[in-house]
Each structure stands twice: as C-alpha cells, then as structure tokens.
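Chemist: Chains as they are written, first to last, in our numbering: chain A, 21 to 528; chain B, 385 to 567.
Keep in mind that the hints were calculated from the coordinates and are not lab data.
Worth double-checking, as some hints may not be accurate.
On the chain B side, residues computed to face chain A include the following (Cβ under 7 angstroms) [claimed, not checked]:
1) Ser414
2) Arg436
3) Phe445
4) Val449
5) Tyr490
6) Phe495
7) Val499
8) Ala539
9) Gly546
10) Ala552
11) Asn556
Built from N, CA and C at the ideal position, the CB exists for glycine as well.
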Amino acid sequence: MMLDAFLAGAHQVFAFDTLIYMLIGSIAGIIAAAIPGFTVTMAIILTLPLTFSMGPLQGVSVMLSVYVGGYTGGLISAALLGIPGTPSSVATTFDAYPMARGGEPGRALSLGVWSSFFGTVISTIVLILAAPPLAMIAVKLGPWEYFSLIVFALTIVASLVGNSLMRGLIAGVIGLGLATIGPDPMMGQPRLTFESSILLPGLPFLVVLIGIFAISQLMGEVEDHGKGNSSDALIPDVIEFKTWSVMREVLMHPVNLVRSSLVGVFIGALPGAGGSIANLLAYDQAKRSSKNPEEFGKGTPDGVIASEAGNSATAGGGLIPMIALGIPGSAVDAILMAALMVHGISVGPRLIMDNADLAYGMFVAMVVSSLMMLVVCVLSMRLFLRVTDIPKQFIVPTVMICCVIGAFALNNRVTDLYLLGAIGLVGYGLKSLDYPLAPLVLGVILGPIAETNLRRALMSDGDWTVFFTRPISAVLLAAALLSVIFSVRSVLKMRKKDRPATDEQDGD
Amino acid sequence: MSQSTAKAAAADASASAALRARSEVARLISYIVIGSGAAFLSLRASTLPTSRWEPLGAGSFPELVFGVLAVLCLTAAVRAVIDIRKAGGANRLGTSFAKWLVARRYSFALFGLLVVYLALLPLGGFSLTTFVFLLIAQLMIAGISKKTLIQSLIAAMIFSVGLNMLFAEVFNVFLPRGVLFAG
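Here chain A stands alone, though its shape is the one from the complex (with noise of 0.2 angstroms):
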C-alpha cells in the first residue's frame, strides 16, 4: 500500500512536464532570493497563481523546488556582499562573507550548496520517517485536541516569532478575527461582512497572504530610499568553484551536518519557527561545540555548513506538522496547503490515508527539487551572482505588478484587487510597528479549523470544562500556557538586563 503510493508519486513527479516545470522553479526561486530584500515567502507567493492551471502534485512539486531553491540563493549575496539575501541566511554571512573576503567567493558559496542539499535530504529523510506514524495518531484526535492544539500552535507562533509576546498575540488573534469575516464555517451564515458583496464570500486566504506578506515587503523596501543601495560588489570575474572538494570537506564534518540538519528539522516543525531562527541556533549549536570557537566569524567551514544546513533543513521539517496534522509550520507551508486546498483537496490527518500518493509525492518532490537545486547551483552559479546587481527601481514595482496578477487569477474577481490594496495597507502598518506578520497568517488559515473543531466539541452540552478534563487537550493547554509563561518570563529577564529593545523586523 505505501509502497504502491510511492510509486505513484513518484510517477507523477518524474513526468517529463513536471520536472522541467520544477527546473524553472529552482532557478526562479534561487535568483529571487539572491536578490537582497526578496524572500522565499514572496517567491512561493508568486509562484501559486501560476501552478493553479496544473495538477496538485504537480503545483506543489513546483512549489516544493522554489522553496529549496530559494532557501539556498540567500546564501549568494550573504556570501558575496554581507547582506543576507533572506532571514534565513542571516548566520551564513557570519563566515561565508570574511571567507568570500579573504580570497575563496567560491568555497564559500560551494559549502553552502552543499550544505544545503545535505540538509534537506536529512531533513526529507526525518520526514519520511516521522509525518506518517504522527498523521495515524492523529486521526484519533478529536475536536477538543484539535481545538487545543491549534491554540498551542498560535501561543508558540507568537512566543518564538518576533521581538515581543504581545504583538505576537495580537497578530495571530487579528488573523484568525479576519477568517471569521464571511459566511460560518459550519452553517455558511454571513458574519461582520456590513452587507458589502466585497466581504460576502469571505476574505480569501490567498488574498490575505499577498497583501500581508508581500505588497508589506515592497512598501517596506522603498523605505530606506535615496540612502543608496549600491554595495561595494564582491564579485570577482574569475571564481573556483572547488565543487567535488568542497563536498568531500562537507562530509568530513558528519557531526556538524547532521547537528545542524536535526536543528533545522526541530525548529521547522514548531509552528512559526522557520529558517531565519533556524540558521542562528544551529550557527550557535556548532559554536558552543567546536574545539575552535574563537574561529566562528572569521570564515570557518563549520559556521556556514551549520547555517544553511540548519535553514535548508527546515523546509522537510516544517512539512511534517502540515502533512501529519494539517497545522503549517511556517508562513511557506501554509501557502503550500493553501495551494492544495485551492485544488480541493483538504490538508489534515487524513491526507496520507486519503491521498498517500499526493503526501509520498510530496516526499519525493522535495528530494528531486534539493538535487535540482544542487546542479543548477554547481552548473550556474556564475550567472546568479549578477542577480545581486538588479537594481530595487525595476524589481518593486515588478513584483508589485506580479502580486495583483496574483491576487486577480485565483477567482477573477476585480473586487479582490481592492482587498489586496486594503490588506496590503494593513500588513505594511504592522511590520512598521514591529508586529510580527506570521502569527497572522497562520491565524488567517487556522481560524475556520479552531471554530468548526471548538463548535464540534462544544455541540453536545456546551461544557467547556471537557479541554481540560480530557488528557491529551490538558496537556496541550498546559503548553500553551506554559510557552506564554516563559516568553514572559524570557521578557522580564532581559529587562532586568536593560538591554534596549531592537526594532527589527521579522520575516521568512
């Protein structure tokens, strides 16, 4: 039965369309997050509207390959010019860029790569092992656990993403107030829409998501303007690559890797944690265990395979809560699912029992994609590095126009446009504001789940002692509360410390 699942998807995935299709998209996603300033999330976000024309598997193989791709093109200008192409390359600029510095651009970027595809193959392999035993337990969770833990989920979104509990909160509450906007869940009666055929049918998700997270980050992107975005380019004409001995030094640090990949995995499928926390704790992990500490930051090997091993590695760990429990573990999964559900298809427990072939497709696809990623990288990496050059003139307003494309192909409905441009005003006063934007999201696309599972478990007597009297929805309330009381507690600490608060913005 697995097996025969597999094969299915796997099937799917080696038709000859769908690999050049996940090609493209592995370019695409690499050359968008060279580009300073341009995350995966938007990448992803763009990709969709094209993918709505194929099939499932195919639309999310797609997807599946601009993600690994572009969780990899970070690391090009992170290398070359200190500026780390998304968060999740962050720690990569530690060592990569003084090792680009001192004269080895190339072995640099080539550790990275490698590092990278090491990481997601470790992260698939995770789960592969680790989403179908978790989906059968799940499907024995009923509404009251479910309900539980969709709020655990919001609560540690909100403790982990961002620099403050209480915006986080806030975020994720306004998320799942805005998926209240429309007709119920259960009964399809028309809530808070003032009688505007605008908000009749709802807010939808995909909508949310471009106008929160990318039309955000391009008004945020002509913020800084008229301070110059000229770097002084690290791009030397010649660059040796060192492929094959670079891997060979790759895989001489096993520890390291497979450290830094299980720390990717780990914070992938918390909910909300992605790579841009990923790539620090596993720089970190590798710091405070190797024999040469003092040498992190000064272009060691260690700190680079330890960022994009961790950052790449997240990408299978954030599947396995979607996959197994239809709870995306990041702002980009919950585009994947969005993907899937626009197909009809309902992301849950039930997913590898009711579409094996879809969720071992997906399996497959991600392994295909990091080995896409890895000969694009090795054949072509010269050209990408001119991607850093284009200037912000031509690609913000670009990649404006895409996003209404965007928002417009899911329904062909002008009237979406205006609650792309409404949204979008909302999501950039947010991030101005320090409000972290993927507790929205994901309480944007968990909302209607939280309410048909709260009305479910309530529908018999309307007892609201049964989530804590029952084991499994305790303990995930004690959770909860337990992640609120030590995000607190972490707050009041650094206080103490009267360390000034840093007004960074958050993104994945």
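Based on the hints, put chain B in the right spot on chain A.
Modeler: Positioned in the frame of chain A, the structure of chain B alone reads:
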C-alpha cells in the same frame, strides 16, 4: 574615552531613545485603533442570531476572538503608556506620529500609486494601466534622468504588454482588458 566620543555616544543614545519613544507612540495608536475596532466587531458579532442546533452560534467564535483581541490591545496600550511616560515622550504625540509618517513617505507614495492603479485597472485594462504604473513607480524610485527614463520605458513595456501576453498564452489567465477597450 575622549570627551568628543562621550558626547557622540550620548547623542546616539538620546537619538535611539527618541526613536524608540516615537515607535512606541505609533504602536500605542495602533493598539487603540485595533482594540476599538475589535470591541466594535465583538459587539456586532454578539447580535448575530443564535443557533437552534448547537450551544455556540455563528456569532460566538468571532465574539470570543474579537473580545480577546480587545483585551490584548487594552493590556498592550496600558503598558505602552507606562513605557512612553518612562521615556518622557508623552507630550509630543502628534509630532512623533508625524515623524513616523514622514520617514515612510516613499512607501506611502508607492501605495497611493498602487491604489490609483487598482482603481483604474478595470477601466484602462491591464497593459495600459500597468505600463503607466510601472513607468511612474520606476522613475519615482530611481529619479528622473535620460538614462532612467529610457530604462524605465523599456522595462514598463516588457512587464506590461509582455506579462499580459505570457499569462494569456502560456497560463490561460486573462487579465482585465478594460472597459475602454472591451467589445
């Protein structure tokens, strides 16, 4: 540490404190706006008819969610007021907010342009309105010179007419033709 270094460090610290206070004021305003909106929506949801088939009706969940949101915003607002008072910046609310807006003038200009573009899209059609939007946006970001004008004209042409053709021919997605060009 020399006297000039100490002065520069003090000026830096004061500027960063002012920036933090300004962000906190802007956040306070956001808590008030979001909190008030949430309270209104929670009340509105409570007026929705209850269900005969279940204890929770269609309005219960939004009432609960927006209620929680209002409480969270109230808590955050109280904390923000305390922080602003500590920073000694509560007496310049208007100025702080204005400075926050001014620092983001290009972003809002770009957004204004997007709004006009979205409003005109159904009338002018994708190719024409996109061409104009891209041209103006690119020149706004890059500044006007002979070189940027030529570059922007070429890029606007490719990404307006070109994208329209790409989506129609390859992806079968037909973008708005526009009232002016319809029929």
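Chemist: If a hint holds in the structure, say so; if it doesn't, say that too.
Modeler: The hints, checked one at a time:
Restraint check, Ser414 (chain B) versus chain A: the minimum CB separation of about 5 angstroms is within 7 angstroms; hint holds. Because the closest C-beta pair between Arg436 (chain B) and chain A is about 10 angstroms apart, greater than 7 angstroms, the hint is violated. Interface restraint check for Phe445 (chain B): the shortest CB-CB distance to chain A comes to about 4 angstroms, inside 7 angstroms, so the restraint holds. Residue-level restraint check for Val449 (chain B) holds (minimum Cβ-Cβ distance to chain A is 5 angstroms; threshold 7 angstroms).
The interface hint given for Tyr490 (chain B) holds, since its Cβ lies 4 angstroms from the closest Cβ of chain A, which is under the 7 angstroms cut-off. With a least beta-carbon distance of about 6 angstroms to chain A, the hint placing Phe495 (chain B) at the interface is held under the 7 angstroms criterion. Interface restraint check: Val499 (chain B) against chain A, minimum CB-CB distance 5 angstroms, threshold 7 angstroms, status holds. Interface hint at Ala539 (chain B): satisfied, since its Cβ lies 5 angstroms from the closest Cβ of chain A, which is below the 7 angstroms cut-off.
Hint status for Gly546 (chain B) relative to chain A: violated, with the closest Cβ pair at about 11 angstroms, above 7 angstroms. For Ala552 (chain B), the interface hint is violated, since its Cβ never comes within 7 angstroms of a Cβ in chain A; the closest pair sits about 11 angstroms apart. The criterion of a C-beta within 7 angstroms of any C-beta in chain A is met by Asn556 (chain B), whose closest approach is roughly 6 angstroms, and the hint holds.
The structure is inconsistent with the numbered hints 2, 9 and 10, although it conforms to all the rest.
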